[in-house]
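Go by the hints and put chain B onto chain A.
Each chain is listed here by its residues.
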Amino acid sequence: MKFSLSWLKSHLDTDADIQAVADTLNRIGLEVEGIENPAEKLKGFTVARVLTAAPHPQADKLQLLTVDQGDGVPLQVVCGAPNARAGLIGVFGREGAVVPANGMVLRKAAIRGVESNGMMCSSRELELGDDHDGIIELPADAPVGTAFSDYAQLNDPVIDVAVTPNRQDCMGVRGIARDLAAAGLGTLKPLSVAPVAGQFPCPTEIRTDDAEGCPAFYGRVIKGVTNGASPAWMQARLKSAGQRPISALVDITNYVMLDHGRPSHAYDLAKLTGAVVARRARDGEMVTALNGKQYALTSAMTVIADDSGVHDIAGIMGGEHSGCSEATTDVLLEVAYFTPEHIARTGQALGLTSDARTRFERGVDPAFLDDGLEIITALIIDICGGTASDVVRAGAPPVETRSLSYDPAHCTRLGGIEVPAEQQAAILKSLGFGVDANWSVTIPSWRRDMDGSADLVEEVTRIVGFDHVPSAPLPRAEGVAKPTATPMQKVERRVRRTAAARGLNEAITWSFLPESAAAAFGGGEWSLANPISEDLKVMRPSLLPGLLMAAQRNADRGASSVRLFEIGRRYFRKNDGTSDERLTLGLLLGGDKTPRGWASGKASRFDAFDVKAEVLALLAAAGAPTDNLQVMGDAGTYYHPGQSATLRLGPKTVLAAFGMLHPATAKAFDLAGPAAVAEIFLDAIPAKRSTGFMRAPFTPPTLQAVTRDFAFLAPDALAAGDLVRTVKGADKAHIVAARLFDRFTGAGVPDGQVSLAVEVVLQPAEKSFTDAELKAISDAVVAAAAKVGAVLRS
Amino acid sequence: MRTRAWTAVAVRALSLMWPKHSEKIVMTDLGQMQTDLVARIGAADSLDAVEAIRIEALGKAGSVSALLKSLGGMTPEERSAEGPRINGLREAVTAALAARKAELEAADLAARLASERVDLTLPAPEAPRGSVHPVSQVMDELAEIFADMGFAVAEGPEIEDDWHNFTALNIPETHPARAMHDTFYFPDVAGSNHKMLLRTHTSPVQIRTMMTQQPPIRIIAPGRVYRSDSDATHTPMFHQIEGLVIDRGITLGHLKWTLETFLKAFFERDDVVLRLRPSYFPFTEPSAEVDVGYSLVNGKRVIGGSEGWMEVLGSGMVHPKVIAACGLDPDEWQGFAFGTGVDRLAMLKYGMDDLRAFFDGDMRWLGHYGFGALDVPTLSGGVGA
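Keeping their order, the protein sequence lines are chains A and B.
Going by this note's numbering, 405 is the number at position 405 of the first sequence; the sequence numbering is gapless.
Going by this note's numbering, 30 is the number at position 30 of the second sequence; the sequence numbering is gapless.
Here chain A stands alone, though its shape is the one from the complex (with noise of 0.2 Å):
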């Protein structure tokens, strides 16, 4: 909502200067989002005279003027404009002057080997109209050497203000002067409104077929209107507004909408035909509105027709067929109050905003029409002429008076500030609210947004000021402070820091993905209606996606080494439809894992061992009971089917998946290079129960644990982890650890065996052991090793 100060000095009597204005919107609620004095930009241009025009040199279209800028000094400028003459008054901008419309800074220069000392303008340079076939021209009574601004009055600051949706009464410039006048900024100037008396009936039925859309249709005729321009008056509050004039009635229609909020609508009389009624559309019918756009209509939606069709998607934007133009001699005013929830949904469905929705869908005053009607008639009679009708009021506005229950001590118990019950009264009632002695405060018409107590203590607490509120501190909750957040949070933080300490980088990538990428990582379960692109679509079902498209744009700007994690939520659907979000950590490692190196030679890749590594120590941080995960497969058709597990607690519950990326994924993702990646299902880790702080005893073995080494041949489909999984358990009492340290195939290794060689660890429990022992212990581990395949190498 912008306005000049001029303006809204015509509903307020003050002083304040602008920025007294601003101050106190912004401490009320109104929301100044600007102040622009259009004075600003045109400093340095005056009114001045063409003394002498002569032709350039050397230069067809270009003229050499001398120009009188009020100081008697002729001074040199080199002009292209045809309509440049001696005698002509105009607009010069002086060397230092920034044109307003490109911003370009005004110097002396030669032009074409001539010097110029400023320019002559037109209007678009000034940004004062589309003109630029010639240079301004002024009536010849214009003052020479008067600053351009001052002559043409632009010197009027224009305000912005963002008003809110409940403030439908602040979207005219008189409900600001109101509030305005409420905080004690001046007084608000009576508003007097004459009824213009009608000279005949109305020629037109008026109705309202549809009470529930349009429960009141007000209108009158005027015949005999010129439509010609506006008065300057009306422009430049309408540019100031940021509207464009556009002909007397359109710009009265447009100005008391901005003046009052009262939106309206002038019909040509001579392209109607029968009744105007107020219904709703039927369904498939079109109307062509004033954008010049199409509109498909359905029942639900309420119109302005007349016996040939649709005028008007009523309270949203008149019919492009009825509109007023230079030829209208006789119109028909529309002034209706529509239901505010319809006008929503019709503007919803329609996709279609205009200031007149903007303005019923939040509720205009119902008590305004008849105001509002003659505040019209009285601006088209005085500025186009003509004669009025009587009036037509068609159904009734809901104008009956709310009240609410009050007490002026909920204004501290909410608001938190001692406000006299006096003041209370005395502000509410500045905002045009009636209170009696029983504190039942009445609602003006124009509040809509007041239904219950809390909006009058907002209504007191803004007009004394938010800044009047004091501080209270919050009371500290008794007893131990307790922690606040919760296990699962406690093991994000975790994780997240400890993948930060193992060297990676922790990334956040869009939840949304484009549905080829979903598809390729499972598929996603959610798909936008309404995407913003093809790219941010479906909610991804995987974190790897993301990663791989961050990696590759980070080898595209040359990194060599890509060492990403995110943690955030995949997104699945739950059987009753709602959502599912599951606590992921996805990890990407690309490119080099060193680089060459004096000591180390050439760079080296990363491998599925790596991100293994990264995995298990990311589980340990989270909790998980690592030395119980069982490596199996099923990691996903996107990994390389030979080089990917899945990390297991018992055969179902999947607690990571891991290994090198497929090729084909990642040409898929433009990645040049192998990737090692992996998620860990954070949801899937059960927690940790909580056994206090004590710790059990540190008990240490009072024996020195004792190690053998076992070197087995087994055929190279056993998998090392199997072997050493029956090696640990060939003897739970005694052995406390097996670990694989050599693998080897080749020489003296038969085809299609391997040379697999494990560390087993034994503890003597209260005595050393004997041979004997010994012996029998190194027997079970042949045998179970045996067992899976596995031969002793002799």
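None of these hints come from the bench; they were simulated from the model.
Pairwise CB distance ranges, derived in the manner of DEER restraints:
#1 A:Pro475 x B:Asn298: 38 to 48 Å
#2 A:Gly633 x B:Asp108: 55 to 65 Å
#3 B:Ala357 x A:Ala485: 26 to 36 Å
#4 A:Gly752 x B:Thr378: 52 to 62 Å
#5 A:Pro475 x B:Glu307: 31 to 41 Å
#6 A:Ser471 x B:Asn298: 30 to 40 Å
#7 B:Met180 x A:Gly633: 49 to 59 Å
#8 A:Thr298 x B:Asp182: 22 to 32 Å
#9 A:Ser471 x B:Met211: 29 to 39 Å
#10 B:Gly191 x A:Asp283: 22 to 32 Å
#11 B:Glu307 x A:Ser471: 20 to 30 Å
#12 A:Val782 x B:Thr378: 49 to 59 Å
#13 B:Glu307 x A:Asp283: 51 to 61 Å
#14 B:Asp45 x A:Gly721: 51 to 61 Å
Computed footprint of chain A on chain B; a stretch qualifies when at least three of its residues, placed anywhere within it, have a C-beta under 8 Å from a C-beta of chain A:
#15 178-188
#16 222-235
#17 271-278
#18 313-322
#19 353-361
#20 370-384
Backbone N, C-alpha and C define an ideal beta-carbon position, used for all residues, glycine too.
Below, chain B alone, put in the same frame as chain A:
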């Protein structure tokens, strides 16, 4: 010199005391012998040479060994006189051998170490430097600050239904605020009466919390939110943090104090100045937008002081209708709520100027603006890093 003089006297005494054995023993001048041996040991230039002298003197057939053996043939008197002298000789020789050996070994070691010198200007293997994303860091900072005020961290789904995201927050279907939210929707599912959408704010967590917990409630709810909007300062996904307090007797004054305390703690400045402007959110009444004062330092806006104001927060007293929609009695319980952008707080505190870079995963950006693993925000160490 003193040692030698003393030995010479002792040798003479020996010859006086045991005259009858004097012809059996080669009356060596022990002092001279020791002098010679010690000198030779000192001059030995290798461990082998030292060993050779040791064998010559202390070996089975060594000269000192022979003297020691001769003690066996002496009378007790002779032995008690000669014993200490001969043993003294042995000890002196042994000590000289050990000392020379140690000297030679030290020299060998020094020579070997000298040959093992490496150029330590050569680079060591590099460990990659990991980092924590600024959004995570700031969320941890906020959790720490609010934990100190007794707030727990609450969560809710990002894929929400329109009831939690709008209706329960007093934003009915036809409310203009719905259109202002630029909502991402999912297609309607047959048989479902709720429209599913991506939450446009963290406020639905207020609803979920009030519906599942009995007051008093103090929570913050950080998380991802989504709006169909994209330009230099807006991304379709960003992060918000919501705060909610529901209790008896909570007023706008408590809200003001909480926000002041939070922002001062977050920016770690006492001169953080707040300006509460009345505003409108359907789910709070009264509502306030909160501006924070800034100063210009080298042309950059720095929070603190009041040279200018920037809007950072939306807040207000929870609307009675919202409290009632959650099944609580608005006459008994009241409180406040606030919400702000986490990404924006990060930008204001740490100086990033492009929101889009937050979600690009550029390693250079992550390294530049990211935080170390051990930069854990703590009250004792300061929440900022």
